[in-house]
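Model the full structure from these sequences, guided by the hints.
These protein sequence lines map, in sequence, to chains C and S.
Here this note's numbering is used: the first residue of the first sequence is 58, the next is one more, and so on.
Here this note's numbering is used: the first residue of the second sequence is 58, the next is one more, and so on.
The set of hints was computed from the structure by calculation and includes no laboratory data.
Bear in mind the structure is a predicted one, so any value in this text is a computation, not a measurement.
Which copy is meant is left open, because identical chains are indistinguishable; a pair holds if it fits in one copy or across any two.
In silico DSS-like links for lysine-lysine, alpha-carbon gap of 27 Å or less:
#1 198 / 241
#2 261 / 198
#3 280 / 241
#4 121 / 168
#5 280 / 198
#6 261 / 121
#7 121 / 148
#8 148 / 261
#9 261 / 125
#10 162 / 148
#11 148 / 168
#12 125 / 148
Protein chains: 2
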Amino acid sequence: MTYCLGILTSAGLVMAADSRTNAGVDYVSTHQKLFDFSLPGDRVILLCTSGNLAVTQSIVTLLKRDIKAQEAVNLHTLPSLYEVAQYIGDKTRQIQERDRSWLEKDRIDFKCTFLLGGQIQGEEPELYMLYSQGNCIQASKETTFLQIGEAKYGKPILDRVLNFDTSLEAAAKCALLSIDSTMKSNISVGPPINLVMYEADSFKIRYELRLDRGAPYLAQIRKFWEGYLNEAFERMPNIDWDQSQDSP
Amino acid sequence: MTYCLGILTSAGLVMAADSRTNAGVDYVSTHQKLFDFSLPGDRVILLCTSGNLAVTQSIVTLLKRDIKAQEAVNLHTLPSLYEVAQYIGDKTRQIQERDRSWLEKDRIDFKCTFLLGGQIQGEEPELYMLYSQGNCIQASKETTFLQIGEAKYGKPILDRVLNFDTSLEAAAKCALLSIDSTMKSNISVGPPINLVMYEADSFKIRYELRLDRGAPYLAQIRKFWEGYLNEAFERMPNIDWDQSQDSP
Numbered sequence: 058m059t060y061c062l063g064i065l066t067s068a069g070l071v072m073a074a075d076s077r078t079n080a081g082v083d084y085v086s087t088h089q090k091l092f093d094f095s096l097p098g099d100r101v102i103l104l105c106t107s108g109n110l111a112v113t114q115s116i117v118t119l120l121k122r123d124i125k126a127q128e129a130v131n132l133h134t135l136p137s138l139y140e141v142a143q144y145i146g147d148k149t150r151q152i153q154e155r156d157r158s159w160l161e162k163d164r165i166d167f168k169c170t171f172l173l174g175g176q177i178q179g180e181e182p183e184l185y186m187l188y189s190q191g192n193c194i195q196a197s198k199e200t201t202f203l204q205i206g207e208a209k210y211g212k213p214i215l216d217r218v219l220n221f222d223t224s225l226e227a228a229a230k231c232a233l234l235s236i237d238s239t240m241k242s243n244i245s246v247g248p249p250i251n252l253v254m255y256e257a258d259s260f261k262i263r264y265e266l267r268l269d270r271g272a273p274y275l276a277q278i279r280k281f282w283e284g285y286l287n288e289a290f291e292r293m294p295n296i297d298w299d300q301s302q303d304s305p
Numbered sequence: 058m059t060y061c062l063g064i065l066t067s068a069g070l071v072m073a074a075d076s077r078t079n080a081g082v083d084y085v086s087t088h089q090k091l092f093d094f095s096l097p098g099d100r101v102i103l104l105c106t107s108g109n110l111a112v113t114q115s116i117v118t119l120l121k122r123d124i125k126a127q128e129a130v131n132l133h134t135l136p137s138l139y140e141v142a143q144y145i146g147d148k149t150r151q152i153q154e155r156d157r158s159w160l161e162k163d164r165i166d167f168k169c170t171f172l173l174g175g176q177i178q179g180e181e182p183e184l185y186m187l188y189s190q191g192n193c194i195q196a197s198k199e200t201t202f203l204q205i206g207e208a209k210y211g212k213p214i215l216d217r218v219l220n221f222d223t224s225l226e227a228a229a230k231c232a233l234l235s236i237d238s239t240m241k242s243n244i245s246v247g248p249p250i251n252l253v254m255y256e257a258d259s260f261k262i263r264y265e266l267r268l269d270r271g272a273p274y275l276a277q278i279r280k281f282w283e284g285y286l287n288e289a290f291e292r293m294p295n296i297d298w299d300q301s302q303d304s305p
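Given below as structure tokens:
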């Protein structure tokens with residue numbers, strides 16, 4: 058499985074991904090799921106992938122190939138992130154057209170989902186979720202985060218903490234805690250974790266990190282959070298069984 | 058959807074359930090999902106239900122009917138909770154046998170799952186999860202909680218807080234927060250919430266509550282928790298981008 062999330066705030070963008078993939082419980086491996094296609098100074102383009110690994114890898118390969126071959130249309134030439142989303146949707150359809158019937162024959166899940174975040178000169182930062190069908194939806198002030206893959210475990214912390222005016226540093230911290238909560242509750246999501254924080258209008262990735270399995274910083278983050286969370290839990294009053302029954 | 062959970066600790070048992078059901082987004086209603094079949098002084102038997110409502114209601118009806126008809130074998134005569142689990146499994150198979158093919162024809166999900174918790178004189182408190190197929194698994198010191206229905210959102214708080222030696226009051230508080238987290242993140246789970254706390258060897262339910270939609274106590278619990286959780290979040294250090302990159 059996979060867990061990736063993107064957060065759009067008034068100050069910029071945070072994107073994060075785990076790196077665990079599995080085909081059955083006895084074939085667990087590590088694959089990068091956060092890709093940086095930025096052209097510093099002109100555009101920042103970040104892509105997170107989930108779903109069938111052969112499908113997503115093929116799509117990423119096509120995206121890279123078009124840049125390398127300097128095709129007229131590629132991630133570095135398109136004028137808006139919306140058009141980038143459409144273009145990646147076209148690549149998705151192309152791969153689905155090629156592979157889907159062969160995967161379906163053997164009942165293999167051919168689906169894939171992407172998070173696309175970034176900013177192109179002349180535009181605001183944007184965040185999209187792209188579906189297997191090649192279409193997409195966009196994050197907004199009301200819905201500031203999008204998730205793909207094993208998204209449920211890590212959602213409560215996002216729901217309780219984030220809004221569009223959350224600081225970028227806090228959003229990054231929240232993303233890391235969301236991934237850590239997921240890793241704690243589900244073994245199909247695991248390190249290395251990739252995390253990127255992008256400041257709006259900088260057109261350059263200045264903050265990124267990769268936390269490998271056993272990274273002391275990751276262990277420290279988890280220890281801090283478990284401690285603070287347990288303290289918060291201790292502070293909660295015990296259930297008032299009588300008073301509660303009086304409720305209407 | 059549904060969310061029910063049971064927690065087994067050294068001091069007893071906590072069971073909790075929401076009450077929202079839906080058949081499509083335009084047919085949302087309220088149905089009790091936590092049933093008390095206790096015989097005070099002799100046994101405590103609590104049952105939580107999830108899955109196809111017609112199936113679970115039929116099974117609960119059969120259980121009640123056998124008690125009322127004073128059948129030789131019923132929830133009040135069986136000598137152990139394990140045998141109670143087997144008996145409910147038999148009822149499940151009976152209903153599945155009757156209805157399954159008719160539901161399958163119209164691609165209606167016929168599955169159902171139960172949590173069964175309690176204690177019968179001469180035995181320790183126990184907690185079981187019963188599957189659609191009529192078989193079951195049991196909670197243990199290592200796996201102290203079991204969940205059915207929309208279980209993922211509410212799992213992180215349980216994973217971080219609970220163990221077999223957690224006090225019963227803390228387990229009840231944790232169950233309520235787990236349900237509240239799920240309600241906050243998923244509209245298919247909703248009030249009234251039923252919560253029962255059973256003290257081992259008391260053979261009587263002394264602590265139970267029902268929290269209706271809009272109950273001031275529920276709003277207060279949520280407000281406290283969001284406040285404490287946000288404080289815990291504030292206390293977390295911001296991400297140290299440089300140090301993290303030094304990690305091995």
